[in-house]
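Participant: Top line first, the protein sequences correspond to chains A and B.
Offset between the first sequence (1-based) and the working numbering: plus 184.
Offset between the second sequence (1-based) and the working numbering: plus 1.
Check before you lean on any hint, since a few could be wrong.
Cβ pair distances, simulated, as ranges [what the hints assert, rightly or not]:
1. A:Leu-264 to B:Pro-78: 35 to 43 angstroms
2. A:Leu-215 to B:Val-32: 42 to 50 angstroms
3. B:Ser-66 to A:Leu-261: 45 to 53 angstroms
4. B:Ala-53 to A:Ala-381: 53 to 61 angstroms
5. A:Lys-284 to B:Ser-66: 37 to 45 angstroms
6. B:Ala-61 to A:Pro-247: 40 to 48 angstroms
If you're looking for bench data, these hints aren't it; they were derived computationally from the structure.
Glycine included, C-beta positions come from ideal geometry on N, C-alpha and C.
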Amino acid sequence: MRPARQNSAWVPWCLLAPFMAIFLTFTAWPLIRSMVLAFEQSFGPKTTAFVGTLNFRFMMQDPLFWTAVGNTLIFTLCALLVQIPTALGLALLLNRPDLKGKRLYRLAFFSPSIVGLAFVAILFSLMLEKRTGLINSSLHAMFSSWDPDFPWLQNYVMTSLVGATLWLSAGFYMIYFLAALQNVPPELLEAANIDGASSWQRFRHITLPEIRPVLNLITLLVVTGSFQFFELPFLLYNETGGNGPENRALTAVTYLYQTGFRNGDLGYASAIGWVLTLILVGFALVQRQISRRKES
Amino acid sequence: MSSTHPSFSWGRVLIYGFLTVFALITIIPFVWMICAALKTQADFFTSRFLPAGDGLFGIAWDRLSLHQFGRLFTELPVARALLNSVFFASVMSLGATLFSAAGGYALSKFQFRGREFITTFTIGTVVLPAALLLGPGFETLYHLGLVDHYSGVILPGLAPAFGLYLFRQAMINSLPNDIIESARIDGCGEFRIFFQIVLPIMRPMISAYLIIVFIGIWNNFITPQIVLQSPELHPLSVAIFNLKGLYNDDLSLIMAGTLVSIAPVMILFLLLQKEFISGLTSGAVKG
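Using the sequences and the hints, build the whole thing.
Facilitator: What follows is the structure in structure tokens.
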């Protein structure tokens with residue numbers, strides 16, 4: 185489409201001005217500052233000193249940083265393996281044309297996505313409690329051998345975090361898969377059915393290739409989201425500053441937050457931020473290569 | 002009596018059973034929270050959902066009360082936090098939508114020098130993790146004297162790169178050039194065109210984006226937590242979390258506070274779920 189003819193050159197600039205004024209001040213400028221800060225050490229926002237590559241060299245031998253990155257990678261892997269199959273499975277079940285009550289199910293599955301992470305953290309901190317929590321008391325009521333003092337938050341840190349995140353986001357990703365499934369041409373599935381293809385074969389050779397763009401997008405969303413996982417572990421384990429028992433809840437962004445806002449070193453925090461950014465950009469590039477190769 | 006339903010099969014029973022169990026697991030935390038908010042502290046420890054008694058369905062209805070909600074609004078500063086949340090979410094969703102729509106209109110329907118550069122530069126920042134700007138963003142706010150002010154939370158949220166991208170995309174796809182062109186020939190001013198022709202055409206997109214931003218701001222914890230120190234400025238997300246720290250043993254009070262915080266956006270979502278969901282998936286699935 186050809187852009188409309190214009191009368192005066194200043195009109196688009198006036199339209200862009202409010203957005204750009206805010207964007208330059210609160211996104212572009214901090215972005216430039218973060219590149220400088222990564223080579224500085226700071227004590228709060230007032231005093232900074234240039235330290236060269238010290239932040240990056242220190243990071244390489246900082247055991248807490250590597251613990252945080254390790255926890256984040258494990259969480260990301262778990263999130264991928266749990267959230268995507270659940271979301272896709274629910275979408276496939278809901279996409280059956282003869283299913284009654286589809287809207288009600290969709291509403292139920294999606295509703296947790298509306299709840300903010302701070303509120304999810306409060307809710308799950310009570311639900312995962314020993315004895316009084318919903319999860320232990322329900323499991324004990326159903327299976328009398330279940331230990332009502334089962335230490336979810338104390339010993340099963342990753343399971344608790346992955347479970348809470350699954351509750352929160354399975355329905356969110358599901359609606360993307362549902363929207364993609366509705367675009368799969370029914371004639372193709374019908375033809376395959378007549379040719380005697382099994383339901384697994386139809387999924388593998390027709391549905392999956394058709395929804396691959398959305399699958400790639402969701403994979404990217406889950407990875408970038410999980411890699412920035414912060415509020416839930418930070419708030420669930422707030423008493424230990426977000427570290428959790430034996431630092432097992434410490435994520436990369438929690439560590440960034442701690443260095444920047446508890447220790448006041450915005451320089452080291454920016455250096456961590458850039459390393460995380462590079463890892464994420466690297467992942468996005470690798471994923472693009474893989475999906476391109478699959479298409480050709 | 003008619004014969005058995007033709008499409009009855011054990012496979013279908015299995016699917017309905019599975020979906021229903023999964024839906025119940027999803028919903029029960031909400032039910033548990035509502036029950037907990039209505040119970041007394043003693044009943045919280047002795048009953049899982051509602052306390053047993055002689056009332057209808059074997060439940061002691063008379064032991065339930067709205068007492069904790071009363072405490073939230075009289076003894077504790079939750080009313081103020083609720084107003085703060087409404088204020089942040091409305092001002093920021095309106096501002097971000099208006100600025101993104103105006104910017105998206107400029108980038109999609111005008112030709113000017115620097116357009117490609119601005120498009121790439123602004124939309125390119127969508128991929129950056131929010132945590133990267135946490136520290137330097139705070140530093141900027143500090144130097145501008147905006148720390149611990151409403152505007153320190155509001156201003157940075159008014160230029161979302163993702164919003165600019167969505168509106169640019171939507172206007173390329175569904176805003177016809179002829180309408181703008183003929184309005185110009187009729188002598189309509191550029192800003193009247195934007196407010197009286199472009200915005201009304203983009204209404205579905207605008208309402209979807211408004212709700213998405215409103216709910217996102219309502220739920221945001223980290224920005225107000227970093228920027229605001231004074232308790233009277235805190236929105237619900239920060240206020241209720243601080244409440245949990247102070248009243249750690251008062252579990253039904255905490256659940257009542259969480260319920261008060263979730264309910265407004267839940268109601269909003271239930272009323273406008275079609276706009277909300279189509280807005281979320283519009284950019285992703287079509288392309």
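Participant: Compare the structure with each hint and give your call.
Facilitator: For each hint, the structure was consulted:
no., hint, verdict
1, A:Leu-264 to B:Pro-78: 35 to 43 angstroms, "41 angstroms, holds"
2, A:Leu-215 to B:Val-32: 42 to 50 angstroms, "45 angstroms, holds"
3, B:Ser-66 to A:Leu-261: 45 to 53 angstroms, "46 angstroms, holds"
4, B:Ala-53 to A:Ala-381: 53 to 61 angstroms, "54 angstroms, holds"
5, A:Lys-284 to B:Ser-66: 37 to 45 angstroms, "39 angstroms, holds"
6, B:Ala-61 to A:Pro-247: 40 to 48 angstroms, "54 angstroms, violated"
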